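Top line first, the protein sequences correspond to chains A and B.
Under the numbering used here, the first residue of the first sequence is numbered 1, with each subsequent residue one higher.
Under the numbering used here, the first residue of the second sequence is numbered 1, with each subsequent residue one higher.
These aren't lab readings, by the way, just hints derived from the structure by calculation.
Careful: at least some of the hints might be erroneous.
[To be verified] Pulled a few chain B residues facing chain A out of the computed Cβ check, cut under 7 Å:
#1 Y201
#2 V204
#3 S238
#4 R323
#5 D325
#6 G335
#7 E336
#8 L341
#9 M342
#10 N344
#11 T347
#12 L383
All values derive from a computational prediction rather than experimental measurement.
Backbone N, C-alpha and C define an ideal beta-carbon position, used for all residues, glycine too.
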Amino acid sequence: MQYEAVIGLEIHSELKTDTKIFCGCRTTFGAEQNTHVCPVCLGLPGVLPSVNKKVVEFAIKAGLATNCKINEYSKFDRKNYYYPDLPKNWQTSQYDLPIAEHGFVEILVDGEKKKIGLTRIHMEEDAGKLVHSGTNIKDSASSNVDYNRTGVPLIEIVSEPDMRSAAEARAYMEKIKAILEYIDVSNCRMEEGNLRADINVSLRPVGEEKLGTRTEMKNINSFKALEDAINYEIERQTEVLEDGGKIIQETRTWDPAKGVTLSMRSKEDAHDYRYMPEPDLPPIVTTKEEIEAYRKSLPELPDARRAQLESEYGLSEYDATIITSSRDMAEYFDGVVATGADAKQAANWIMGDLSKNLNSDGITIKDSPVEAKRLGEMIALIEKGTISGKIAKQVFAEMWKNPDPPEKIVKDKGLVQITDTKAIEGIVDEVIAKNQKAVEDYKNGNKKAIGALVGQVMKASKGKANPQTVNELLAKKLEA
Amino acid sequence: MKLYFETVHSLHDKIVNKEIKAAEVAQAVVSRLEETEGKVGAYLDVESEKALNAAKKTDEKIAKGEEIGFLEGIPGAIKDNICTKGVKTTCASKILENFVPPYNATVIDKLTAANYAFLGKANMDEFAMGGSTENSAYKTTHNPWDLERVPGGSSGGSAAAVAAGSAYWALGSDTGGSIRQPASFCGVVGLKPTYGRVSRYGLVAYASSLDQIGPITRDVTDAANILNIIAGHDEMDSTSSKKAVPDFTKSLTKDVKGLKIGCPKEYFADGMDAETEKSVRGAIDALKAMGAEVVDISLPHTKYAISAYYLIAPAEAATNLQRYDGVSYGARVDGEDIVSLMTNTRTAKFGNEVKRRIMIGNYALSAGYYDAYYLKALKVRTLIKQDFEDAFKSVDIIATPTAPTPAFKIGEMADPLQMYLQDIYTVPINLAGVPGISVPCGFTAKNLPIGLQLIGKPLDEETILRVAYAYEQAHDWKDKRAGGDA
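This is chain A alone, in the form it adopts within the complex:
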């Protein structure tokens, strides 16, 4: 039987407010343990929360940027469960009246556009971090709690089960990440846990409408893990079903080292969260006027930017999607184009050599050793004919290590393209003289033999000869 995967994501994103959601403590990542705490975020007896207005603003902006309806009347609720990283043993979250509902984002996979529905976006507080003496709470002699993260504001973005493959899930999460970056409400640093996803995966026979039993994988914090975990889970569930088995509704954990998902707990011991309206916080009332003001304050979003890159610069939809997939990359692109560089060339370099180098060095485009301006200057050298596209690759590699302007690098390394016809003619003559066999092949009708001769000329010029001139000269001389 052919199965279809049904995938839904719950994305948790830390908001980049200076202070926590219900108190004045800093949110800075990586501070000394238990230094960013106060009676309120520690949940001491008698304390009361006060809502950080920035959190509401950021959540509303996230809702507007994902085409959600903003609830003018929203409230906080207590989600009750016992865990030692949760000082009050409830998480202040939102239950039946979240700040935003019924949105969607558009993704592009294999040239096809698709709308992914958003069920809701709600605000909540993050929990603390447990530091175990062993590997987990069960096998540890002792566990300590770092409450710095307690009360860091989160939004949870819940999708509809609209995705059908790991690639779609990845494209969706990338889109959410891009949007949150564009509207500047989250740092989206996945390695710091700013952005993490709980994935729900189920299978159903192709053509069937009813959803199958799902499993959930929690706290996935890289795109690779997201794709790998989904692909593994689809494969695992397919096998179970093909063997005539049943999927158990359960939470599974993704083990990236082994590349497998493992059962954590089944639905039978799932929590009853006993949600209750938070009596310590009045409802959040936002007027239509306020919502409109937030809407007007939003910057251009990835989809609009993409459309602009297509119409203004003639970039392909694919290229424009990649360039606008992160705000930083789009801004880098703007920086390159601002130097007067050809947009298509700029896109190619960014998606090609630049991305390759960033990936292998494990850094983000913000920390690129080659500034946008310098890449623009290098592209200008290609356009002027100072260097060839091939030499440019060498120049770019050098620029990665050397902050000098590309022009200086080209000069210092003697990489200037030879465009002087006389100089090239000398080399051409020499090559013709040394390669009579190829010359004869050509003259006997094997026109492809010219390729070998071009190669020889380029080699003799150390790649600096203008390839077009070389071609022209060779053809002229051989035809003569």
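Fit chain B to the supplied structure of chain A, relying on the hints for placement.
Frame of chain A, contents of chain B only:
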């Protein structure tokens, strides 16, 4: 009158007029406390040194000709569920036996700014759950009018101290009657302000949507003065009212002419305690005689108030008390894993009434029962609130008994349900969020105090203070003291 039995305002005037030293005032109450505490048991923690030192400072200020505030040099007790920085705040529970808050409740900050003289932490029902102070994990407080009887609760320690002369004033908290009922049982004045009038920041939560801090005093003037100090919006409490705070002492006029006082028939039902009815009706007649107009009214949903309260309050309590899990605050009973550690700690360190309410609350909130219990209770609460809104369209205040009976005997109310019914006249006021005050309005044949409850419109403490004051000034109940040695 013995010094330790005097009102704060009379002592304040005497200190300002240099008729007496603050040190004498403080010493009088400290000595009285030492003398009575063994019998009354009003305190969980006594800080005599702090009170005496504060008084010394007051005398220095007086000597220098400086002005002093209303409470300066006149020691008072704080209910043990109000956080006092550096001083144990146990909520009369074993689970907070060694909890020393690193911060002050907002009311304590305000009292500190007013240079108050702190005398100690008052006993209470554990986590304010109870109406007799018998649920304290540490001691039973005895009613100074009859040591075999309860002082009421949950602010029983606060009320007993004020009645016994072992505190000149006290703060209590009121979730379903916990200031007014002990005030009624102990023959003192107890004021529950409007929900939101006084900041709850630092009041250890029992039921967050109902809790409110208020004064317990020997007369209405003291209550108005203390409310002046503790009331007001607090940025740390999002539920506190932003409405301007008036000077409540301006309401202390004897004029009740033309005021409409509502008498809800549901509060004077057949079978009520005869002596209570007689005293309360007598008080209402007295107000009529002073020029007020008395109107019969109905608060039709009163009969559902206890049921709604005992779902809403336990539900909130169940979550509020989740933080006591053995991970923090010191009290811990180990277990083989984290779940058993939490279970063992809570099993051993919470008292029966607290556990009962946690279980009721969790039941009411659990999947499948939420709509039938918790949500239904919230709807009833809305109806009760509407009852009051409707009533206040035609009357200025409402007058009722504070409690259905005078103080009962220790151990007499063994059945929890019977105990819950004690709250019948006080609970609706919390559900509606309106202010209420209890003033002494007579004594039984056995010399037990009876309280008159006056209920006001939201944020209109002024009118109930005015009527309470007018009534009090026309009667001599305010001059009676427990033990008869006034």
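Practice task
Go through the hint on B:V204 and say holds or violated, using the shortest Cβ distance to chain A against 7 Å.
Solution key: holds, 4 Å
Practice task
Let me know if the C-beta of B:R323 comes in closer than 7 Å to any C-beta of chain A, holds or violated.
Solution key: Cβ of B:R323 sits 5 Å from chain A, so the hint holds.
Handout entry: Interface hint for B:L383, Cβ within 7 Å of any Cβ on chain A
Key = Where the cut-off is 7 Å and the nearest Cβ of chain A is about 18 Å from B:L383, the hint is violated.
Practice task
Hold the hint about B:E336 up to the distance rule: shortest CB distance to chain A must be less than 7 Å.
Solution key: violated, 10 Å
Problem - Status of the hint placing B:S238 at chain A (closest C-beta pair under 7 Å) - result: holds, 5 Å
Exercise for the section: With a cut-off of 7 Å on the beta carbons, see whether B:M342 makes it to chain A. Expected result: holds, 6 Å
Exercise for the section: Would you settle whether the hint for B:Y201 is holds or violated, based on the nearest Cβ-Cβ distance to chain A being less than 7 Å? Expected result: Check passed: Cβ of B:Y201 comes within 5 Å of chain A, closer than 7 Å.
Exercise for the section: Verify the interface restraint on B:D325: the C-beta must sit less than 7 Å from at least one C-beta of chain A. Expected result: Where the cut-off is 7 Å and the nearest Cβ of chain A is about 6 Å from B:D325, the hint holds.
Exercise for the section: Verify the interface restraint on B:N344: the C-beta must sit less than 7 Å from at least one C-beta of chain A. Expected result: violated, 13 Å
Practice task
Grab the minimum C-beta distance from B:T347 to chain A and call the hint holds if it beats 7 Å, violated otherwise.
Solution key: Constraint on B:T347 not satisfied, violated at 14 Å.
Practice task
Under 7 Å, Cβ to Cβ, is where B:G335 needs to be relative to chain A, so tell me if that hint holds or is violated.
Solution key: violated, 13 Å
Practice task
Verify the interface restraint on B:L341: the C-beta must sit less than 7 Å from at least one C-beta of chain A.
Solution key: Violated, about 9 Å.
Against the hints set out earlier in the document, violations occur for numbers 6, 7, 8, 10, 11 and 12.
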